[in-house]
Each structure stands twice: as C-alpha cells, then as structure tokens.
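FYI, the numbering for the sequence shown is -20 to -1, 1 to 249, going by mature numbering (1 follows the signal peptide of the UniProt record, and there is no 0).
Simulated from the structure, these hints should not be mistaken for lab results. The beta carbon of each residue, even a glycine, is placed where N, CA and C say it ideally should be. Watch out, some of these pointers could steer you wrong.
Said to hold, decoys possible - Listed next, with one range per pair, are the computed distances between beta-carbon atoms:
1. Ala121 / Lys235: 38 to 46 Å
2. Thr155 / Lys235: 37 to 45 Å
3. Ala71 / Ala121: 21 to 29 Å
4. Thr73 / Asp31: 39 to 47 Å
5. Asp111 / Glu49: 27 to 35 Å
6. Leu185 / Asp61: 24 to 32 Å
7. Asp118 / Glu231: 14 to 22 Å
8. Glu70 / Ser151: 24 to 32 Å
9. Lys147 / Asp31: 16 to 24 Å
10. Tyr194 / Lys239: 31 to 39 Å
11. Asn109 / Asp240: 31 to 39 Å
12. Ala108 / Pro59: 40 to 48 Å
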Amino acid sequence: MKKKFLCIMMIMVMAVGIFALTGCGGSDDSADKDKLVVGLDDTFAPMGFRDEDGELVGFDIDLGNAVGEELDMEVEFKPIDWNAKETELEAGTVDCVWNGMSITPERKENMSLSDKYLNNKIVLMALANSDTDVTSADQLAGMKIGTQVDSSALEMLKSNEAYDSFKDNISEYDTYDTAIMDLKAGRVDVIAVDQVLGEYTNKNLGGELKECTYSLGDDYYVIGFAKDNTDLRDKVNDALKVLMDNGKAAEISEKWFGKDIVVLEPLED
C-alpha cells in the first residue's frame, strides 16, 4: 500500500508539472519571451539581405538588433516566404515580420502594425542608357512594367487612377533582383520599386539605372505582428522611440542610406 501511495503521489506531481509547462505555456504572451523571432525576405537590400559571405545584413537587421538590446531580448532573423507572412504570424513561427514592409489596407486588416519608422516612396526606374522616362501615369499604358509579387509597389500600381489602362502590362516577379534582371535584358521597360532598394541597388550596379520623373507616391515602413499581439507591438514601439530619441536610429540610417530618413509617426486608423 505504501508503494502504491508513493506511485500515486509521483503521478500527481508529474501531472502538476506537465500542466504548469503546457497550460501556462499555452497562455504565454510572446511579449514576455526572451527571444524575438523576426520573419523577413532575405533578398530585400538594403533592409535585410545576404552579403558576400552569406551573412544577414541591412538596415532592418541593425535596427532589429538595437531594439533587441533595448528590450533585453535575443533577436533571431528567420527567412520566410514573404507571400506567406500572415500565415507565419498566425502559426506563431515568427513573432513579427520586419523587412521594409509598407502599409496596405490588407495588412492593416490582417496584422497589428507598429508605428511608422522609415520614410520611403515608390518610384519607377528605367535603364540609364535608354531614352525611357515616365512623366505621367498615362504613359504606362504603352510600357511593360515589372515589380515584385505582393509588394507595396504592386499595391501602388493597383491603386493608381490609370491602373485599368496598364494592368495587363504588369509582370510580377518573386524578387526584385529578378525584375531588375529582366529590365536589363529589355523584357520590361520600367520597374516599380521601393526608392530605398532602387537607390541602393543602382549604387551597386554603378549607375546602370535611373529614376523616372513620375513616382507612384509616398510610402512608410512598419513592422507587422499577429493581430492580437499588441503587447509586443507596444514594447517594440517604445524601444523604437528610445532609439529615435538617443540618435541610434539616425546613425543606422546614415550608415545604410547616407541620410537620416527615420521617423516615428503613429499609424492612422
């Protein structure tokens, strides 16, 4: 009987331990974790991309690490399929998506978004040695246009007042690198792209591209969290404010863009 009683007690203790690990773990808020898992597209220079040694570098990498230091959290950058970012957030495989992500109505609906942290715009770029320029949206009806799938540039094209006249001319690519390759090969006339990426890429190409006169509009970058994960979003916003106030964010911006384009503005409803 004594042995039986001891066995029962051991089972009860183990059950309590399992409940503590699983039950409490199920209700754990990711804002209390000691690691921040960041989902990103690792081809989006200069925000987050691979250098010649295969290491992840970029503005968002540096800023993310600085936020991690401020929050006393380890930061893990996890390359994901950018088209599946909402699914990754919902599944909990990443805590946020942070990689030069622009604001769109769909993202506002499906995610909890941070404050705006970087000022950008969507531009059209052509080959520098061509006569191609775009001075108004009406000209796009006669041009082949390349851009990245599920990008802010594609959203800007779709929201343009002249979209119906050029929508059949748009080619969508998995990455901007592929779109730029087709531009250089003459398969498209212009690409619609984030200005920060276009300028950085053009610098590395030795000026093979040029920015067209007409742009598709201003743009801002934000960080995306799961819809119900507002606690972590607010903590990251607070850390970003500290980095803006102490000049660290501006320092990172100068390093990658040669100018200070960081902002911290509330997200409009």
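Outcome of the hint check:
For the pair Ala121 and Lys235, the supplied restraint of 38 to 46 Å holds, since their beta-carbon distance comes to about 40 Å. For Thr155 and Lys235, the hinted distance range of 37 to 45 Å is not satisfied, since their beta carbons lie about 24 Å from each other. Remark: the range hint 21 to 29 Å for Ala71 to Ala121 is contradicted by a beta-carbon distance near 41 Å. Checking the proposed 39 to 47 Å range against Thr73 and Asp31 shows it is violated: the Cβ atoms sit about 25 Å from each other.
Taken as a hint, the range 27 to 35 Å is violated for the pair Asp111 and Glu49, whose Cβ atoms sit roughly 49 Å apart. The hinted range of 24 to 32 Å is satisfied by Leu185 and Asp61, whose Cβ atoms lie roughly 27 Å apart. In this structure the hint that Asp118 and Glu231 lie 14 to 22 Å apart at CB is violated, the actual value being about 42 Å. In this structure, Glu70 and Ser151 meet the distance hint of 24 to 32 Å, their C-beta atoms being roughly 30 Å apart.
For the hinted restraint 16 to 24 Å between Lys147 and Asp31, the CB-CB distance of approximately 37 Å leaves it violated. Under the hint 31 to 39 Å, the C-beta atoms of Tyr194 and Lys239, about 22 Å apart, miss the expected range. For the hinted restraint 31 to 39 Å between Asn109 and Asp240, the CB-CB distance of approximately 32 Å keeps it satisfied. Take Ala108 and Pro59: their Cβ atoms lie about 31 Å apart, and the range 40 to 48 Å is violated.
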